[in-house]
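Peer 1: If you read the protein sequences in the order shown, they are chains W, Z and G. So the first sequence is numbered by the working numbering: it starts at 1 and just counts up by one. So the second sequence is numbered by the working numbering: it starts at 1 and just counts up by one. So the third sequence is numbered by the working numbering: it starts at 1 and just counts up by one.
The hints are simulated quantities; they were obtained by calculation from the structure and are not laboratory data.
Not close to chain W: a few residues of chain G, all C-beta gaps over 10 Å, as computed:
#1 E16
#2 I44
#3 G60
#4 L88
#5 G97
#6 A135
#7 G141
#8 E149
#9 S162
#10 N175
#11 R177
#12 E235
Ranges of calculated distance between the beta carbons of each label pair, as one might list FRET restraints:
#13 Z:E78 / W:R695: 52 to 62 Å
#14 W:D84 / G:L155: 36 to 46 Å
#15 G:Q87 / W:A10: 39 to 49 Å
#16 W:P505 / Z:D89: 31 to 41 Å
#17 W:M151 / G:L155: 42 to 52 Å
#18 Z:E78 / W:L24: 24 to 34 Å
#19 W:D141 / Z:D30: 45 to 55 Å
#20 W:L24 / G:Y23: 37 to 47 Å
Cβ atoms here follow ideal geometry from the backbone N, Cα and C, with glycine treated the same way.
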Amino acid sequence: MSERRIDAVAKATGIAKYSADIVLEGMAYAAATRSAYPSAVIESIDTSEAEKLEGVIGVFTAKDLPGGNLYGRRVMDVPILVADRVRWLGDRVAAVVATTREIAEKAAELVQVTYKELPAVTNADDAIAPNPVVIHEAPWDYKGAVAKPEMGPNIQALEIHGSKEKAEQALSKAAHTIEATYYTPGDHQGYIEPQACVVDYKQDGSLRIWATNKSPYRLREQIGLVFGLDPKRIEIMPVVLGGDFGGKGAPGEVPLCTALSILTKRPIKMALRYNEDLLATDGRHASKIKVKLGIDKEGHFVGGTFEALLDGGAYAGFKPVPTVNLHGIVDAAIAYRMPEFYVESKIVYTNNQPKGHMRAPGSPQAAFAFESALDELGKKSGLGPIKIREMNLLDDGEVNAYGDKWLEYRGKQVLALATNQPKEVEVPKGWLYGEGIAIYARSMPAVPKTSLRLTMQEDGKVVVEVPIPENGAGGQTVVREMIRTGLGIESDKIEVRQVSTSSLPTDAGVGGSRVSLGVTVAVANAIKAWKERPAGTNSVEVTTNEESDGPSGAYCAQLARVAVDPETGQLKVLEIISAVDVAEIVNEKAHQMQIDGGAVMGFGFAVMEDLLEDDARVWAQSMGEFKLPNMADLPKLTTVLLRGGKGVGPNNIKSVGELANCGTGAAIANAVTDATGVRIRRLPIKAEAIYSGMREGNN
Amino acid sequence: MKINFTLNGKSAEIDADPMAMALDVIRDLDLTGTKEGCGVGVCGACTIMVDGEPVSSCICVVGTLQDREVWTVEGISEKMPDLIEKFIDNEGMQCGICTPGQIMAAAAISSVDITSEEDIKKYMAGNLCRCTGYQTILNAVEDYLAIN
Amino acid sequence: MPSTKTEFLAPTSIDEALQAISYEDAIFLGGGTSTALLYKTRLIEPSRVVWLGALRDLSGISISKNEIRIGSMVSMSKISQSNELSQLVPALTTAAGVIGNARVRAMATIGGALAHADPRQDVPPALIALDAVVATKSSGGSREVPLAEFYEGFLETVLAESELITEVKIPVVANRRSAYLRYTPTSEGDYPTVGVAASVTYDSNNKAIKDVRIVLCGVGQTPILATDSAQKVIEGNANPESLREAANLVKQAVDPHDDERGSADYKREMSEVFTLRALRECLA
Chain W
1 MSERRIDAVA KATGIAKYSA DIVLEGMAYA AATRSAYPSA VIESIDTSEA EKLEGVIGVF
61 TAKDLPGGNL YGRRVMDVPI LVADRVRWLG DRVAAVVATT REIAEKAAEL VQVTYKELPA
121 VTNADDAIAP NPVVIHEAPW DYKGAVAKPE MGPNIQALEI HGSKEKAEQA LSKAAHTIEA
181 TYYTPGDHQG YIEPQACVVD YKQDGSLRIW ATNKSPYRLR EQIGLVFGLD PKRIEIMPVV
241 LGGDFGGKGA PGEVPLCTAL SILTKRPIKM ALRYNEDLLA TDGRHASKIK VKLGIDKEGH
301 FVGGTFEALL DGGAYAGFKP VPTVNLHGIV DAAIAYRMPE FYVESKIVYT NNQPKGHMRA
361 PGSPQAAFAF ESALDELGKK SGLGPIKIRE MNLLDDGEVN AYGDKWLEYR GKQVLALATN
421 QPKEVEVPKG WLYGEGIAIY ARSMPAVPKT SLRLTMQEDG KVVVEVPIPE NGAGGQTVVR
481 EMIRTGLGIE SDKIEVRQVS TSSLPTDAGV GGSRVSLGVT VAVANAIKAW KERPAGTNSV
541 EVTTNEESDG PSGAYCAQLA RVAVDPETGQ LKVLEIISAV DVAEIVNEKA HQMQIDGGAV
601 MGFGFAVMED LLEDDARVWA QSMGEFKLPN MADLPKLTTV LLRGGKGVGP NNIKSVGELA
661 NCGTGAAIAN AVTDATGVRI RRLPIKAEAI YSGMREGNN
Chain Z
1 MKINFTLNGK SAEIDADPMA MALDVIRDLD LTGTKEGCGV GVCGACTIMV DGEPVSSCIC
61 VVGTLQDREV WTVEGISEKM PDLIEKFIDN EGMQCGICTP GQIMAAAAIS SVDITSEEDI
121 KKYMAGNLCR CTGYQTILNA VEDYLAIN
Chain G
1 MPSTKTEFLA PTSIDEALQA ISYEDAIFLG GGTSTALLYK TRLIEPSRVV WLGALRDLSG
61 ISISKNEIRI GSMVSMSKIS QSNELSQLVP ALTTAAGVIG NARVRAMATI GGALAHADPR
121 QDVPPALIAL DAVVATKSSG GSREVPLAEF YEGFLETVLA ESELITEVKI PVVANRRSAY
181 LRYTPTSEGD YPTVGVAASV TYDSNNKAIK DVRIVLCGVG QTPILATDSA QKVIEGNANP
241 ESLREAANLV KQAVDPHDDE RGSADYKREM SEVFTLRALR ECLA
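Isolated chain W (complex conformation) (with noise of 0.2 Å):
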């Protein structure tokens, strides 16, 4: 399939409209005062001088809040505005409507708010620590909260993977054993597009939204329950997401601009400079990770612990799923074979920013963590990187860590591939070179709830009408090639239209590598029933409802090739070659470029990537200190299919969109070790940690 794709034309001549080009009659734009401290109690809140500004229609505060005040995606901890006591920098305490987005933000900066200081928690040890300032009193009160009291304060979530006392006595047998900490930092999602909405409440009840969500059905949920509206009378328009990778899940502002549409009777745009999105939105969780491997003589591994402590920040509520966990984390050993392996997930409150989903959640820290003490443990015992990850992959018909067979394993293939390409980079003059290689591994994900309706209009055009907010992987093209294929129909005679949540009952939302996968199931279903429609009819409409081949996944392979100069400790990442294990691909370009994207963001999170939070502060204030890859900076990208694997639905596909971003931080550091004895356990590398670590003969 090599047609261009869906959105390409509207894309490349400016003319397809996200949420900050939507403008409606009578709008009004809104700015937020936030929070002066990370912890803090309120003590008077004084609005007189904003309202006073020219241009603004009303200053808002917790007292004034219509519905509920609290939201979330799944712990519902997080305040619309604070009435009492914030406990980050990125609190709303008050909100101004006014007539341009200028004077709201203006206006924004003369709320005077008077605070009575406290004690804040700036990182995850001291959450937990004896006697820690307690950031929430009563967190398992939340609604959807699993925090409990026996766990003790501040923690968000504490998700245990088997015993530690069983992984403990197999390890005391090991014959070689490594034990060390990694530690990776706060990241951002780095999408392009700051979030931004437009609300419209309408005095009968009814309430459009459009916004950079990418999951309008359980934005229209989460919105009905703050607010006690019908999710019926609520609307979440079509919009081009401007990128997401996780960060465009959580409702943002639209809970804000709900209640101040409600409040001024007029349609609301909030957009984030991205400065404010840089502090105030949820990006990857900052990590401490201990991790104890252990081999017998052979090899094997007999066992391990991986203790996590992850930052969540102020708020549990930007985490989704049901554990309020990283299932990346609890996954860390899936590619191998381990007979007692122990993880402990322990999320916890700080005065930081609260951190949500970023592509792959948990994946890229426990991959570093994993993938780096496996190399470590590989040297110590002798075996060297290769062997020791080939004598642990798992081979068909074994049962993984967490008591799943796959339908295919092919780790020990992909290793294959990554370790066995021709090196053609070249090393500068006088800089030391090395290689490094990390395994990845991700099970598929479970058969995703979407729903499509197909319909033939008179002139003969196909109009397929789905859910699903583009953002850019190319689900929409997926739709069409399917169409094109399945119902031997001309790609000019396809439409498809992204419509909103009132016009389709369902979609579970963009991500974690669903989307394929969905839309494959739910087209096929479409084709079937429209080539089974009674006569007469000239519509289907069609919700998926199946269980998933499997249990199954996908392995990547990565090797870095890089350059250190030996006199500054620079770093020159020179290639990075991701082996990955695919069965069919329905979009090649699309499929490659999601293993480009990933590779690149794996980079970045390895060399670059840091919101230098320190002292309750994002200290990356904007994108001049907020580094994400450019394309000088990118080392040359070899992408090497292992194709023909057993995928999952009617498509034969595995998923590939959280593979390539996850291994390339321990595979550069493994590669930067080889180069020059010294073992990096902190992210992102930095130059100068490798200079003192030549210089002390750190190895």
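On the provided structure of chain W, position chains Z and G as indicated by the hints.
Peer 2: For chains Z and G alone, kept in the frame of chain W given last:
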């Protein structure tokens, strides 16, 4: 204040606060292809072309556009269809939010000396993309330069 | 509270500009890459902005036998792409070509860059290494200040409030070589951890070294002129030992602080490494 300039090949007169940012003024003219990204001149999503050179419209005071020749993606789509075509053919985009800026940067690439692929990368490095991994964007720019 | 409005003026002559600036808290606007940003984030709220882009007098580069004159409104892009300049003053064209991104280079002006006085900027050390002089005008008259004496502190210069940089003058010196190197270990698009400009001037026989200048950015509150290091190179006539000693001495001249681009200690070490490399590039 009245500001006169050439916008997408046609003379334009606008009445605007001269200290407003060009990005906001242009978008208010319903030319919303110019996108706001970082807001600090780093990401390139708001790139426009002024007198043949790439400019960050988010940090460009509109009063400074008096008498100058300004192009946005809407105008470039008509003026340089082969450039647009190369981005479409190569799928030099995913979410598309950076795409108009990438295209505007590419449209102004003749303002600098390009003699190698490294030169292209250095020039295009000012336009961030979080989706594609840049390979398809680089291909699009190279294909465009090959025919121009 | 009334909304304040900033007046925007675009004078077409230097006299007009000087008249316009003598008003309350009026400020000059050059390319705007720094000023517009400060303005839109309300960090500055001037009553009047005097834009210099309509001033044709400030937008030219002229090169004579003895002197290069660059108008203060000339863009970094124009400087970096001048073949003549890259022959005469490669340190300058290199520095102007690596800053920010293509848009910043197109918009930012040399005068604006000097007035902004961010010690991480690449161009000032190159100009100081080339003995550049800043020419200014104000209602009180005109003056010329060697750039080496121009900076007083972080974001601070000797400029009076309503003083306008009109041009930068660089002497054309026979047998002078120059180079600029920057160290950006995290991303190409970053400010440098350290940048080093060096110039070496030989005598008329092109044998003995007459003059050396070594200037660093990113490692102090202002660009740092490392005179002791330069003296070492002259004394040793750039023999390998003198270069090493000179680079080592730089560590005493710089005054870096810890930030995300490196600890003070690391920046000091890197100052040595890149001073040596810049000198070698000059001499190569």
